[in-house]
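S.K.: Read off the chains here:
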Amino acid sequence: MKRWLLILAGGLFSVTGIGLETVVSDEVIDELLVTTCVDCHDSDTDTGFDITRLPLEMTEDNQFRKWIKVFDRLTRGEMPPKDAVQPPLELKAQALARMEQRLTKINREKQQVAGRVPSRRLTRDEYEHVLHDLLGIGGQIARYLPPENEAASFDVVADKQEMSSVHVRALLSAADLALDEAIQLTYKPHLEPRELDYYNSPYIQMWVDRELRRGGGTVFKTDKDVVTFRGANYVLRSDANGMRFDVPGQYRITVTAAAHNPRSSITVSLKRQNDQQGQSELFAAWDLVGEEYRTVSTTKYLRPDDYIYVSADELDPAPDGKIIYSRTAQPASQFKGEGVRIRNVVVQGPLEKVWPPQRTRDLFPGVRWEYRKPETQGNNRVYYPVLTKQPLEHIRDSVAALAPRAFGREVSTQEIDSYVSLSGSVLESGHGFLEATRVPLRAILVSPELLFQTGDGGVLDDLSLAKRLAAFLWRSLPDQELLELAGQKQLSNSKVLSAQVDRMLSHSKSQRFVLEFLDQWLELRRIDETTPDAYLYPEYDDVLRQAMLGETRGFVDYLIKANLSTDNLIDSEFGFLNRKLAEHYGIAGVLGEHIRKVNLPENSVRGGILTHASIAKITANGTVTTPVKRGNYVLATLLGLPPNPPPPNIGSIEPDTRGATTIRETLAKHQENETCAVCHRRIDPPGFALESFDPVGNYRERYRNSRGVVREKNAGLRYLHVDYDLGNPVDPSGNTENGDSFRGIRDYKKHLLGFSEQVARNVVSKLVVFSTGAEIEFADRVEVERILEKTKPDGYPMRTLIHQVVQSRLFRER
Amino acid sequence: MHIPISRREILKASGVLVTLPLLEAMNPVLLGQEHSAPKRMVMICSTLGLHSPSLYPQTTGKDYETTEYLSVLQEHREDFSLFAGLSHPEQTGKEPHDTEMTFLSSARNPGLGGFRNSISVDQVAASHLGSQTRFSSVALSTEGAESQAYTANGVMIPAEHKPSELFAKMFLQGSPRDVRRQRQRLAEGRSILDLVGEQTERLQGKTSGHDRRQLDQYFESIREAEKDLQDSEAWLDKPKPKVDVGIPQDIAEKADLVGRVNSWFKMIPLILQTDSSRVVSMVIQDHLVVPSINGVTAEHHNLSHHGQDPGKIRQLKLIEKEILGTFNQFLTSMAQTQEYGKRLLDSTSVLFGSNLGNANAHDPRNLPIFVAGGGYAHGGFIKAGEKKNNTPLCNLYVNLLQRMGVETDTFGTSEGVLRF
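First to last, the sequence lines map onto chains L and E. Counting along the first sequence from 1, when you hit position 536 you're at 597 in my numbering, and nothing is skipped either side. Counting along the second sequence from 1, when you hit position 151 you're at 176 in my numbering, and nothing is skipped either side.
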């Protein structure tokens, strides 16, 4: 593999062919093909590729792609095959240089005419952020839009984005929902803190009092606290205990609690549930130590049909394995295992200073709001607009306030008129001022200027630059400062641009970038695609899951903030942990629930993203791990060198886990067959090294085997069943493609550090694609190499890479 | 992630969806219309395959011996045909389960570079029928919005995954106030699209050719959406069909795979019989949890990769037999429902199959395929292609399309028409 890398570094991305005064003509290409390729690739070919039909012009799209493939495969030494006649070295070098020159030239010319990036649409995530920022709302919008397809490396890639009438209708209703949420004219909700009074709740009292055999006794009360255990969530739901969230908004929830019968630190969590959406969402999890009461709080977005509950689901049931309560034996009050004593829960929200809320007032500048008693029952709307001029004039004000913010520019009277004209017929048909105002506002929210990044080819004008930058680092629209700089034509100044990148990265909105970039690049969004068997991996729960994601996001965020080398992605001396995750990793001395930088002990297997539990989870197949999937992940995601897909109709090895065959023996078949071995000698070794991590990211030396405990249907959370013995030892050793042997993950990471430049190349390429909305084209390679060369002396620091990408031609031209 | 609060018990107690005696006279849409049953199509895909040794008989033809799986469908033996040797060519994709995207379209190499899906067979039928029904097609899923229905541009039509929502759209009249409001919203939508369409046209004028693809598509999509809204508006004037069953409750519990499959299987006959739509597709998804079926202790997906472990195969078969059992009940209710003096099943071509022939190896060849109803002469096991050299599944799709009245000899990767 090392030797191959040298070739790669020296050839594939070399820029030496360009600008070289060369007397070489196209004939060298022909000569190379005739001497080297046509033996197999002519019109009688069995390979499916006839190179004699590929014209030297290279201009037509399809042919151009094929020429790049020819160039890459020759450069990497994949062609001609090792056992075939090899071309003279000098001829090969000359021909490749000539090819590179031509391909670059053709590609550049095309880019200069048409632009590198076709106009692109906001993705569903970006659209959600845009509506949040424009309207000051917080609900889910993206889920109402069709899912983005996954054909490209990121959903921003314009060439692969989809548009259809399905999208248009979904956008229309998403904009409508957003306005519903922005315009709040119901009864003034409690803005003061109020107690979710578990202690005096009749509902909880009912469960406390109810006889054991009728399902009672699941929680109990002390003189001041309600004490709860694993699986008693239904008792603690807010709606059943007298609290509803009448209007959507931000709510601050404060919990005071202590551990009950603690054996060590325990976790208390706060969750949200929505019966229409079905799934519970972990809002926050806190550590409780000893018997001290602790007061903690979190601020979250809630909708009227949501309810929340304090949960003890992450606790162990009992030291002796006994269940918490049973209908025949004991009530929860006699249970000796860990629980949570809840002293007090206080909710404040929606966090608004005035009512109707400021966001509603902002949409209707100049309108006063008046409380009126509702005439009909069941009508919750009690605030009405008081107009001071003609309705259409007020509507004009609304449009004039929103449109410039949406488009990032001044909007002409004529444009405003065209929006306002939509209101006329609504007013005439008697639907009222509010309804009439919503129509033009909705039109602004689905206008092509908001939805698409478009414009002239060539160097971006300042406004387009501001929009591209805001979409990249904030996943949304430019703010006032960016717009002002763009208005003064200052943003295109390199120094100003660089200062803005720093400002944007330190803003909290840049968390969206970290989250969404990693969700797609590292595939973190796939974390829930498979679920490990709860009996084999009982330690996996919501709180651990959240910590896993927190580690990878926090880690990369820190590389950016502290401007550290991309080498840290391969191996690092630190991780991002909280108590829960540190215990999972067997690292002592990390207390509390917050994720922070932790220096790893010497000789720790951890360090670098491949050892993150999140990545182990994503690359596992539910309850089992497969080296092929993980090996592919290392090559494609970390190195950016995805192996070719298996040839058509080759099938895959049918897994056979009967008897004593181990995964290693099964995969040995890959080496027996040359068709498989050609790729699998690259794919399988990194997968072998990662066998040391089980599907939830534990470091393992032996596999867990089921003892065959029968899984109980609907066992519920009152029980925690463990069903495993330690079985066969894990063999994480192997040989790299070039024959170097490794004993396990630590060795393998050392081997990977030899690919430091390739990892940086991959990061730069991914940043370019994500920030511009087009895949890396042939002519872009030069620019990527330039960035690498420039940042190599400092070891490719992450923040510098972002700066370099933003300053590059690729970012600053269409 | 778990579902902390079980609604299963509540659901059971409320007795969701009784079967459906429905009077034709109660359905205003059917009044004064055609006097013979319209042709319908239902395409069902269970995405993790069917264990073929338990499915296929040794002998072909009508006298095949029954098998472990076929015995589940025994009472409908004369109502269906079973096919072997069918698949779509060149289905190596980016991810091994990507063939879910192409089961109804047959586009090659799903997910690989340059891939764009093509129109799915149900959508060909739907666009042939146009707006004759309130919904030109319905895409259903037991989990999530992923469907197998793709437009002519290769865009996925999001699946309905909540029975209660679809039921409300289809059968609940809404108060006059709601209807008025809906009508107003539709009218507003159209005037917004009108303006946005003009803006897009102006922007197109200012943009160069290469750059314009998306804007062109946006413009075209706006025009289509306007037409859709117009159609919806026309349908607003027609009262929705009345059905004498209650709103189905959505099953929150993911483990209740069978319950979720059943909810849709109970609603499909309603959809067809009220002529709310004539084209239905449905995906039975992996729910990423251990299905609550007695004797099953592992995830469906994990079990599908059984590695020939007899214990896992035993469990996998339990799940697949449950799914086939729900399909059996579906066929029963389709057969028991009468209209125009005939069985609903006879006017409805039902395809039930999978995008994987052998899920253990992610093999997308030799797909298990049933066709039931539709007025075909059934009762046989048909080897439509060789094991090593499959016949395009699209050959069968062409036959189904022709039965729907679509005048075509080709679809997707078809090389002819599979008649049986």
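There could be a bad hint or two in this list.
Below, a sample of chain E positions facing chain L; criterion: calculated Cβ distance under 8 Å [said to hold, decoys possible]:
(1) Leu80
(2) Gly136
(3) Leu137
(4) Asn178
(5) Ile182
(6) Gly214
(7) Gln224
(8) Leu228
(9) Thr232
(10) Gln239
(11) Ser246
(12) Glu249
(13) Gln255
(14) Leu313
(15) Glu324
Rather than coming from a laboratory, the hints here were simulated on the basis of the structure. C-beta atoms are modelled at their ideal positions from N, C-alpha and C, and glycine is treated no differently.
S.K.: Each hint needs a verdict: does it hold in this structure or not?
M.R.: Structure-based check of each hint:
no.	hint	result
1	Leu80	violated, 17 Å
2	Gly136	holds, 6 Å
3	Leu137	holds, 6 Å
4	Asn178	holds, 6 Å
5	Ile182	holds, 6 Å
6	Gly214	holds, 5 Å
7	Gln224	holds, 6 Å
8	Leu228	holds, 5 Å
9	Thr232	holds, 6 Å
10	Gln239	holds, 5 Å
11	Ser246	holds, 5 Å
12	Glu249	holds, 4 Å
13	Gln255	violated, 12 Å
14	Leu313	holds, 5 Å
15	Glu324	holds, 5 Å
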